[in-house]
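K.L.:
Spelled out, the chains give:
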Amino acid sequence: MNERMVQLDVLRYDPQVDDEPHFQHYEVPCKEEWVVLDALNAIKESIDPTLNYRWSCHMAVCGSCGMMINGEPRLSCHAFLRDFEGVIRVEPLANFPIERDLVTVADDFIDKLKRVKPYLIPGETRSIDEGEYIQTPAQLMKYRHFSMCINCMLCYAACPQYALQPLFLGPAAITLAHRYNLDSRDGGRDERQQVIATNEGVWECSFVGACSEVCPKAVDPAGALQQVKVASTLDWFREHLLPGDTK
Amino acid sequence: MEIIDADVAIVGAGGAGLRAAIALAETDPKLRIALISKVYPMRSHTCAAEGGAAGVIKPDDSLDMHFDDTVSGGDWLSDQDCVEYFVKEAPRELLQLEHWGCPWNREADGSVAVRSFGGMKKQRTWFAADKSGFHILHTLFQTSLQFPSIIRFDEYYALDLLLDEGRCQGLMAMEMRSGLIRQFHARAVIIAGGGAGRMFPFTTNGAIKTGDGMALAYRAGVPLKDMEFVQYHPTGLPNTGSLLTEACRGEGGVLLNKDGRRYLQDYGMGPETELGKPQLKTMELGPRDRLSQAYWHELQNGNTVSTRWGECVLMDMRHLGEKKINERLPLVRELAISYLGVDIVTDPVPVRPVVHYMMGGISTDARAATPLPGLFAAGECACVSLNGANRLGSNSLVELLVFGKRAAWSAIEYLQDLPAADTAALTARALESQTRIRELFSRTDGTESMSGLRKEMMDTMEKNVGIYRDHAGLQEAVDTLGQLRQRYRKVVLNDRSNVFNTDLFQVLELGCMLDCAEALTAGALARRESRGAHQRLDYAKRDDDHYLRHSMVHYRGSGAPRVDYQDVVITRSPPGLRDYSGGHQ
Amino acid sequence: MSRRPFVRPVSRTRWYFKHPRYLRYMSREVTCVFIGAFTLLLLCAVERLSEGQAAYESFLAAIGGPWSALGLSIVLIFVVHNAISWFNVTPKALPVQIGEGFLPGRFIVAAHYAVWILISLAVLFFAGVL
Chain A
1 MNERMVQLDV LRYDPQVDDE PHFQHYEVPC KEEWVVLDAL NAIKESIDPT
51 LNYRWSCHMA VCGSCGMMIN GEPRLSCHAF LRDFEGVIRV EPLANFPIER
101 DLVTVADDFI DKLKRVKPYL IPGETRSIDE GEYIQTPAQL MKYRHFSMCI
151 NCMLCYAACP QYALQPLFLG PAAITLAHRY NLDSRDGGRD ERQQVIATNE
201 GVWECSFVGA CSEVCPKAVD PAGALQQVKV ASTLDWFREH LLPGDTK
Chain B
1001 MEIIDADVAI VGAGGAGLRA AIALAETDPK LRIALISKVY PMRSHTCAAE
1051 GGAAGVIKPD DSLDMHFDDT VSGGDWLSDQ DCVEYFVKEA PRELLQLEHW
1101 GCPWNREADG SVAVRSFGGM KKQRTWFAAD KSGFHILHTL FQTSLQFPSI
1151 IRFDEYYALD LLLDEGRCQG LMAMEMRSGL IRQFHARAVI IAGGGAGRMF
1201 PFTTNGAIKT GDGMALAYRA GVPLKDMEFV QYHPTGLPNT GSLLTEACRG
1251 EGGVLLNKDG RRYLQDYGMG PETELGKPQL KTMELGPRDR LSQAYWHELQ
1301 NGNTVSTRWG ECVLMDMRHL GEKKINERLP LVRELAISYL GVDIVTDPVP
1351 VRPVVHYMMG GISTDARAAT PLPGLFAAGE CACVSLNGAN RLGSNSLVEL
1401 LVFGKRAAWS AIEYLQDLPA ADTAALTARA LESQTRIREL FSRTDGTESM
1451 SGLRKEMMDT MEKNVGIYRD HAGLQEAVDT LGQLRQRYRK VVLNDRSNVF
1501 NTDLFQVLEL GCMLDCAEAL TAGALARRES RGAHQRLDYA KRDDDHYLRH
1551 SMVHYRGSGA PRVDYQDVVI TRSPPGLRDY SGGHQ
Chain C
2001 MSRRPFVRPV SRTRWYFKHP RYLRYMSREV TCVFIGAFTL LLLCAVERLS
2051 EGQAAYESFL AAIGGPWSAL GLSIVLIFVV HNAISWFNVT PKALPVQIGE
2101 GFLPGRFIVA AHYAVWILIS LAVLFFAGVL
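Chains as they are written, first to last, in my numbering: chain A, 1 to 247; chain B, 1001 to 1585; chain C, 2001 to 2130.
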């Protein structure tokens, strides 16, 4: 199998030694079908055991290995070396503090995920003995693509609004709220609207669309956020313009 | 050293750990639950499971049939009281997930859809496209967020259990981002730490599956049960080892050798079924152990296809058509295109068996309790003896749920009337544990590299403890692993930083894997028969007279492990013939 | 304490030079300036119209020069760019589900163009151009 030398500039940062991050250059023999993560693993195994990054599944589903690769947020297990020429620049995900090397601090995202109540709040209660909620394939398809989010945070790294306003709930969290709002079994939209239909929620989004461009799972968070805006606007009209409905 | 007090500490936040945490929080909201995991919950390897989860729900199916499939699939090494409990609870747990929002695929009338799976006589596998594990994990994680009593400790690496007065009373864990070690004083501990497939070089398992949970319990004196039973999944991608779900075959995919022959008919799983009309429990829908063994024979007979990724057989799904593939196997198509450059719509995809699942693990009874009071275990790290000698596909996702919850309930029962802990004694134990890590940091006479030792371990496991085994190979593995464990005491820590030091965690993980590998090999050497996933070239037959028993491997410090046996629980199904001939035998 | 997370600085004034997609976004956003300017011009036109025919004709004469034409052409380019960039993203905001599938986005975009053309034709018709 063909091997070639691959060159990488990797952003390094050890808070116990460095004042600020700096690039380190590596050259490592790689197989042609490898991904950037394989190259990092080869570096860690044979060149520099002190290089740090997160990874697990190597099949683009666990969401651990998001990084900036040549300035673009990517899953490193899904960034094929064959698609790159010259030196590959690898940095930790943008818009998150750097803990060490390619490892970022994810606390903010984890906290925001929780705030949007991303769980089923049943519209009508049903006991297990009564069996499943009936949900037709059409009702399933209405929200299914929004349920594919792997929480990899690439969309946060791509979003300039999140970069400028860290209070913004951000693409993935609001998309997840929308996923439950669209679920025929759910009745929790009013509760979630308190969190997402706010200035720090969906109205911070100016529809740059970068989130959907970088999403590795084609979840289309930009679409979800615009749909939340449309629905919230219709709410406003219903509340303020329709007679008698003073909900 | 900071002490964190909890009623129940859970190690591992994948499917089993999350299910246990939710069950605890729902049953008694006053319980303080510490959910400790070395990764964020949604990174856990449950997310990689593709095919689905088995539970009887359709009118033509029955609990007895699910029981029979599981027991015969496990080559009668399952504890039948455990299987009975499992098949009864399975549909309830899957419905519970449905009530929590899991996006199961549906029939046209809006009821839950089921699909075919290997070794199952009826269609009973619930699925969410081919991302079932992913959806189960995220549904559980998201559901868990509504319970304030579940306190998560994400990215904490568990180091040792804390034992006092013969009871498990907590554990030590290191916060990975600060390097700070904390004591968790817990009245009960549930281990849900996942499998150990990373002992092998070619595995579907993610990097995190290093047997940490198994090693925690093993070193604390709990035996590891039936460790020699390692499941090879017959259809892995030949380069990355990524799994192509059994649902490929459930939907009608067929396996071909280099001559285009559906070779499974030559290994007792024939006659050939009509293309596009898969029949349950025969040919491609035989159990995983049989399919992987058939591959091995094809390889010996020179019938495999040589590809640039090594020897393979071909899985052909072209006749399913693009629409069905996109609807039911989208991830499979995506994986094969991106990692192999093969579109399953237009070409057969090369596959080969790959290490997938550990049937064995921490010994527990059907209540998910280990022999050590205060310690419970569930999920792949545990061996509750549901899967016996070979697990049926789509039983393990349900196992996480059924026994995750059971572990929680057993822990609650155990908490009643428990005497108070002796904090001073626990702290003394904690200091011993801390010393072990300090010693690693201050070691100056290290000579062995972590990656070198790891490679030697993987090489010997691949060479000697694979699909077919014999005495000479296993003895070689036992000897090699014994030496590796000695050499491990001289391993060098290259990175001395306190902050997110993955070099340190890889060293610790290697220690866990070496312990698991030694237990596995000891069990395999001692079991002189062939049963399910444990196949001996020198003992080709199943031997119920001597080995219808669970092997129990006990840790003995620096010495070699000790193996003894425990009887299998048989309630109503005496050992019989595993028939995958589609009723033709 | 050994942790010291490093926060990378973000430029509040030059961030959109970091990636072509941000520049594309800014080019869409900046159209609002030109649309705003044109709206003011329209308001002026309405005010002059209310002041009588003479006032309105002198207004028309004032904006009839070649520089005005150039300016208005630039405005037109930005207005068209605004319309096109927004039309192209409408399928995200207004998906149309038909059974288990979704109407392909291009139909929704095409519908917008069709309505745009119809309204333009109507305006031209009532203006007496057609």
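Bear in mind the hints are in silico, worked out from the structure with no lab data behind them. Hints should not be assumed to be uniformly reliable.
[What the hints assert, rightly or not] Below, computed lysine-lysine pairings styled on PhoX-like, alpha-carbon distance capped at 20 Å:
| id | chain 1 | residue 1 | chain 2 | residue 2 |
| --- | --- | --- | --- | --- |
| 1 | A | 142 | A | 31 |
| 2 | B | 1121 | A | 44 |
| 3 | A | 117 | A | 229 |
| 4 | A | 229 | C | 2018 |
| 5 | B | 1463 | B | 1490 |
| 6 | B | 1258 | B | 1121 |
| 7 | B | 1323 | B | 1258 |
| 8 | B | 1030 | B | 1058 |
| 9 | B | 1324 | B | 1277 |
| 10 | B | 1122 | B | 1058 |
| 11 | B | 1122 | B | 1323 |
| 12 | B | 1258 | B | 1324 |
| 13 | A | 31 | B | 1455 |
| 14 | C | 2092 | A | 142 |
| 15 | A | 142 | A | 229 |
| 16 | C | 2018 | A | 217 |
| 17 | B | 1490 | A | 142 |
| 18 | B | 1490 | B | 1455 |
| 19 | A | 31 | A | 44 |
| 20 | B | 1121 | B | 1088 |
| 21 | B | 1324 | A | 142 |
K.L.:
Against this structure, judge whether each hint is valid.
P.N.:
Verification of the hints:
{"no.": "1", "hint": "142(A) <-> 31(A)", "result": "41 Å, violated"}
{"no.": "2", "hint": "1121(B) <-> 44(A)", "result": "47 Å, violated"}
{"no.": "3", "hint": "117(A) <-> 229(A)", "result": "18 Å, holds"}
{"no.": "4", "hint": "229(A) <-> 2018(C)", "result": "27 Å, violated"}
{"no.": "5", "hint": "1463(B) <-> 1490(B)", "result": "25 Å, violated"}
{"no.": "6", "hint": "1258(B) <-> 1121(B)", "result": "30 Å, violated"}
{"no.": "7", "hint": "1323(B) <-> 1258(B)", "result": "28 Å, violated"}
{"no.": "8", "hint": "1030(B) <-> 1058(B)", "result": "38 Å, violated"}
{"no.": "9", "hint": "1324(B) <-> 1277(B)", "result": "14 Å, holds"}
{"no.": "10", "hint": "1122(B) <-> 1058(B)", "result": "9 Å, holds"}
{"no.": "11", "hint": "1122(B) <-> 1323(B)", "result": "24 Å, violated"}
{"no.": "12", "hint": "1258(B) <-> 1324(B)", "result": "26 Å, violated"}
{"no.": "13", "hint": "31(A) <-> 1455(B)", "result": "19 Å, holds"}
{"no.": "14", "hint": "2092(C) <-> 142(A)", "result": "13 Å, holds"}
{"no.": "15", "hint": "142(A) <-> 229(A)", "result": "17 Å, holds"}
{"no.": "16", "hint": "2018(C) <-> 217(A)", "result": "24 Å, violated"}
{"no.": "17", "hint": "1490(B) <-> 142(A)", "result": "57 Å, violated"}
{"no.": "18", "hint": "1490(B) <-> 1455(B)", "result": "16 Å, holds"}
{"no.": "19", "hint": "31(A) <-> 44(A)", "result": "16 Å, holds"}
{"no.": "20", "hint": "1121(B) <-> 1088(B)", "result": "17 Å, holds"}
{"no.": "21", "hint": "1324(B) <-> 142(A)", "result": "19 Å, holds"}
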